[in-house]
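Peer 1: The primary structure of each chain is shown beneath.
Protein chains: 2
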Amino acid sequence: MPSYQAPVDDVLFLLNDVFGYEKYGNLPGFEEAPADVLEAIVREAAKICEEKLQPLNMSGDREGCVRQPDGSVKAPKGFKQAYDAYREGGWIGLSADVEYGGQGLPYTLGAVMNEFSSAANMAFSMYPGLTMGALAALLKHGSPEQKQLYAPKMISGEWTGTMNLTEPHCGTDLGLLKSKAAPQPDGSYKITGQKIFISAGEHNMAENIVHLVLARIEGAPAGTRGISLFIVPKFLPDAQGNPGARNGVECGAIEHKMGIHGNATCVMNYDDATGFLLGEANKGLAAMFVMMNEARLAVGIQGLAQSEVAYQNAAAYAKDRLQGRSLSGPKAPEKPADPLIVHPDIRRMLLEIRSFNEAARALVLWTALKSDVAHRSGDEKAIQAADDHLGLMTPVIKGVLTDKGFDNAVKAQQIFGGHGYVGEWGMEQFVRDARIAMIYEGANGIQALDLVGRKLPKDGGRAVMAFFNEVGAFIKTHEGDEDLKPMLAPLKQALGQLQQATMWFMQNAMAKPDHAGAGSYDYMHLFGLVGLGYMWAEIAKAALARKAADATQASRMDAKLATAKFFMARVMPESAAHLARITSGADTLMALPADAF
Amino acid sequence: MPSYQAPVDDVLFLLNDVFGYEKYGNLPGFEEAPADVLEAIVREAAKICEEKLQPLNMSGDREGCVRQPDGSVKAPKGFKQAYDAYREGGWIGLSADVEYGGQGLPYTLGAVMNEFSSAANMAFSMYPGLTMGALAALLKHGSPEQKQLYAPKMISGEWTGTMNLTEPHCGTDLGLLKSKAAPQPDGSYKITGQKIFISAGEHNMAENIVHLVLARIEGAPAGTRGISLFIVPKFLPDAQGNPGARNGVECGAIEHKMGIHGNATCVMNYDDATGFLLGEANKGLAAMFVMMNEARLAVGIQGLAQSEVAYQNAAAYAKDRLQGRSLSGPKAPEKPADPLIVHPDIRRMLLEIRSFNEAARALVLWTALKSDVAHRSGDEKAIQAADDHLGLMTPVIKGVLTDKGFDNAVKAQQIFGGHGYVGEWGMEQFVRDARIAMIYEGANGIQALDLVGRKLPKDGGRAVMAFFNEVGAFIKTHEGDEDLKPMLAPLKQALGQLQQATMWFMQNAMAKPDHAGAGSYDYMHLFGLVGLGYMWAEIAKAALARKAADATQASRMDAKLATAKFFMARVMPESAAHLARITSGADTLMALPADAF
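Chains A and B supply the protein sequences, listed in that same order.
For the first sequence, the numbering used here assigns the number -16 to the initial residue and increments by one for each residue that follows.
For the second sequence, the numbering used here assigns the number -16 to the initial residue and increments by one for each residue that follows.
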């Protein structure tokens, strides 16, 4: 059985030491959560994830969700009880608006909870996760009445939410969607169509489910400009706002899928279901994008989360499992063999995972703090800068953290040898679960295109220039610092390569857009490397300061410094290959005629 | 439902055009298979794999193997019939000794069949695959009586074989194994112990199963020097050589695993089972290594096979699925969207897979031909050179082809978006099946250590020098060829990097063996890059010649040349990162104390 211990100390170190959490103290929500309260909440979050969610992870995978003949769906054993505990603890509304019953705490805390809950039980965490995504769109685009009706129930977790985008013939290209909305005399719509891959689409954990559904109003233009967003509750709220008549929506089937078996991924059939327009007609895609951005960050966090829990189990196994002798002579001569951890190649795998995890967590928390600034600050300039950062980093976090999260789950599984391939240790589940995060909420190739095609050129490149300036300034400021030298030289080189790649796009992609598409995936990963490398430089700086201030933390901080050095020596060299591929352009990709594939 | 078409034309092109198959015509076995016979056999191999094995791949995965309460195991529906057709077609004994009823054809043909059958149905192909592995050890180390008794039945497929190495507490480190063998007055042994992860351990497809089992004779030395190999038949052969009394071996459980569900991976319990010593006492590990080398090549081929079948399905989907518009303007304006294949990033994934597949197949066939020379030539020098090549390339083929095969299955799955994550299209099965190949027959980290620790220094580096010389000579010979220029420059650079890395180990690993362990995995992949790059250079040369000689083949050959260029521009740049990591040494890996992980 796998285990999980939420990385509380690392979160607190990052927030307090690296990002100066106290600097945010005057923002709404942060006032209620000074450092000591922050710590208490993070510890509580860890507790419920470790004690209530994690023990259901493997059983939930084995049991899966079961659709009953009447179309209802049973979540795995224990999920309902865990969900009740989760929502009663106020975790769903942790950072939600106080006006609708939320706790109004920083989104950053929500991001922490996202990581812990996804690591403990990814399939479970998607039920409240989807609710949060739907809520974001509702709060942004809903009428006051809609918000009053739905938001409190969703924030309390009494009702859950879903996002209904994909249809059998269209996922990425939503302009093709066919679901129809027929206007009714009372202002409502009748929604008809089929949606697939709907996470948390149907289950027995909440008394109602609020489906947000993209559909085309009769007569609307074809393509993306004719898509509207609708609220389609499973039970239509009655006059008191309680679940009333059953609506014409049901789960037609549960998808037979590779992982996240504990989450009900449904085919949803809408048959003259009553829906209520959310936001403006024909502006549904934009409205949906609000929740997609939040959801993309959350999915990036899922990648980190699977990587973290896989690491913890692999590290424990490597310290415990006796196999072979160290190349430099026995390290445990009293035992029949040395533990796996003596072997350099085992350490390589563990350090590749770990050096990603800590930096990725930093990237997430840094970005989460920016999100809090963007949404809570009163300072226009600060808001703009934070918004820029958020837009730029969202595709990087989604794409890079899920790609690497999956790779890392595979590496952690490898450390177990054959025991990683069988179900017993839980390692193969992490791989199967992590795999979806590279696909949903915009496949990673789409994230790369979003980064290169939209986020780079936006506002004349303001966001990316700000990022380059920040990293460049850090390097410059600390260039004389001997202790930081091993971190700064590789970072400087990679930053230079990223800037070259950016310049290359500016010079070449206008004339030939395929050049952008051909290099986008490598660019996203090069960006990720620089982002993670910068995080390591910041972590190293904070670790040196902490160590100097508090000798009791020396060995913990030394571990961070050693991991930073590993990242620089072993992971950063990848940057040159990314640049070479980007600047090789599109020609070798486009040369082959389609029918030769 | 996924489909599969065996790459017959590519195999024939590689054997005939690239490797000059006719040059081998005077070797035993090749005489019986001149080019036209070769083609006929390859086409027949394709036919049975496409028509009998592939249709059972998905159903076999879903149904799995079922252990009955009496310990017997039922293979999935249709497997028995397919197996009968397979063995009656003579495919199991294709390249086996004529003396024992085999067809004596080149091992190279066996390697081709390995690829086709693994691509069509990996779980199925393991039943005959394990038989071949066990047979290799039997023929090498068995007494004349043992060979007469078992070999004909195994070659005909009436009996299957298994390899029993792993125990719950030891996989890689077989020196720890505990299974015991008690000598009996009649010269036989009583074997007692538990083995796990035993592929094809028990099933209903053959009338008997010949288990080869590693165990320790009572009183034998501890560690690897006290291990012996035993033949433990499920049914003890009677005086006529037919299955007689049931032996004390049974399947205790079927492992619950990530993939290859159609193969019965068993916990095997030996309880005073009668076993017969195979080869010398206490030399069991060496005897087992004979089959492990053959098995490692076969496993490398499995990686290629999953990559090939995944590619075929992804390419078909990319040409068919309409989603989005080309960045350079609509390519199918009459349709609601362009096919996926117009998008550079989709092509990137497909070409990464394809440029691997064709070169990996070349590497396999090149090495298979060397194996035929090593085993069938009369020329001592040729045998030595071929043996050197075989020893050197076995870990590279096993490690690199399975790592990349898995990565490629993941990429192919990605092209399907959400449809790749659900079972319907079969893509997630390729991923789950491909995953095991990185683990069994020596996890890939072990392959890397074998390469760096054993194969490089062997005979004063004779094998690796010969490889460097061959690649270097090719580059030199063709340096003036304008058409080959795009292939030669990157190859030359990577070869230089591989030579630098080799030199670095020579200079540093003696003093500090951890340097070898720390760089071994990157070295294996750098070696693979050079090997695959060299194959592309050879393929390009042959393609240019073929195109010049036969205009009808121009577009097919142009596709190969375009793919070669892609490989050079997009895949080869990885070589520099490998070198950087290798030469960064072990220090950043060993710095962290074990308890800090």
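Everything labelled a hint here was simulated from the structure, so no lab data went into it.
One or more hints might be untrue.
Copies of the same chain are indistinguishable here, so a pair counts whether it falls within one copy or spans any two.
[As the list claims (entries may be wrong)] With a Cα cut of at most 35 Å, we get these calculated DSBU-like pairs of lysine-lysine:
{"#": "1", "residue 1": "Lys130", "residue 2": "Lys6"}
{"#": "2", "residue 1": "Lys459", "residue 2": "Lys314"}
{"#": "3", "residue 1": "Lys524", "residue 2": "Lys57"}
{"#": "4", "residue 1": "Lys318", "residue 2": "Lys63"}
{"#": "5", "residue 1": "Lys495", "residue 2": "Lys475"}
{"#": "6", "residue 1": "Lys459", "residue 2": "Lys302"}
{"#": "7", "residue 1": "Lys63", "residue 2": "Lys530"}
{"#": "8", "residue 1": "Lys130", "residue 2": "Lys314"}
{"#": "9", "residue 1": "Lys441", "residue 2": "Lys63"}
{"#": "10", "residue 1": "Lys163", "residue 2": "Lys468"}
{"#": "11", "residue 1": "Lys266", "residue 2": "Lys302"}
{"#": "12", "residue 1": "Lys530", "residue 2": "Lys302"}
{"#": "13", "residue 1": "Lys495", "residue 2": "Lys302"}
{"#": "14", "residue 1": "Lys60", "residue 2": "Lys364"}
{"#": "15", "residue 1": "Lys302", "residue 2": "Lys30"}
{"#": "16", "residue 1": "Lys318", "residue 2": "Lys266"}
{"#": "17", "residue 1": "Lys314", "residue 2": "Lys495"}
{"#": "18", "residue 1": "Lys302", "residue 2": "Lys163"}
{"#": "19", "residue 1": "Lys130", "residue 2": "Lys364"}
Peer 1: If the cut is 35 Å between Cα atoms, do Lys524 and Lys57 qualify within a copy, between copies, both or neither?
Peer 2: neither (50 Å within a copy, 61 Å between copies)
Peer 1: Treating 35 Å as the Cα threshold, decide for Lys163 and Lys468: within, between, both or neither.
Peer 2: neither (60 Å within a copy, 57 Å between copies)
Peer 1: How would you classify Lys459 and Lys314 at a CA-CA limit of 35 Å: within, between, both, or neither?
Peer 2: neither (43 Å within a copy, 48 Å between copies)
Peer 1: Have a look at Lys130 and Lys314 and pick one of within, between, both or neither, based on CA distance no larger than 35 Å.
Peer 2: neither (63 Å within a copy, 44 Å between copies)
Peer 1: Between copies, within a copy, both or neither: which fits Lys302 and Lys30 at Cα up to 35 Å?
Peer 2: For Lys302 and Lys30, the Cα distance is within 35 Å only inside one copy (25 Å; across copies 49 Å).
Peer 1: First find the shortest C-alpha distance between Lys266 and Lys302 inside one copy, then the shortest across copies, and answer within, between, both or neither for a cut-off of 35 Å.
Peer 2: Cα proximity of Lys266 and Lys302: across copies only (31 Å, versus 55 Å in one copy).
Peer 1: Regarding Lys60 and Lys364, is the shortest C-alpha distance of 35 Å or less found within a copy, between copies, in both, or in neither?
Peer 2: neither (50 Å within a copy, 67 Å between copies)
Peer 1: Check Lys63 against Lys530 for me: Cα-Cα at most 35 Å, and say if that holds within a copy, between copies, both or neither.
Peer 2: neither (45 Å within a copy, 66 Å between copies)
Peer 1: When no copy is named, should Lys459 and Lys302 be tagged within, between, both, or neither for a Cα gap of at most 35 Å?
Peer 2: Classified as neither; 40 Å inside a copy, 49 Å across copies.
Peer 1: Cα distance capped at 35 Å. Does Lys441 pair with Lys63 within a copy, between copies, both, or neither?
Peer 2: This pair counts as neither: shortest intra-copy Cα distance 44 Å, inter-copy 61 Å.
Peer 1: When Cα atoms must be at most 35 Å apart, do Lys130 and Lys6 count as within-copy, between-copy, both, or neither?
Peer 2: Within one copy only: 32 Å inside, 79 Å across.
Peer 1: How would you label the pair Lys318, Lys266 (within, between, both, or neither) given a Cα cut-off of 35 Å?
Peer 2: between (68 Å within a copy, 24 Å between copies)
Checked against the numbered hints listed earlier, the structure breaks hints 2, 3, 4, 6, 7, 8, 9, 10, 14; every other hint is satisfied.
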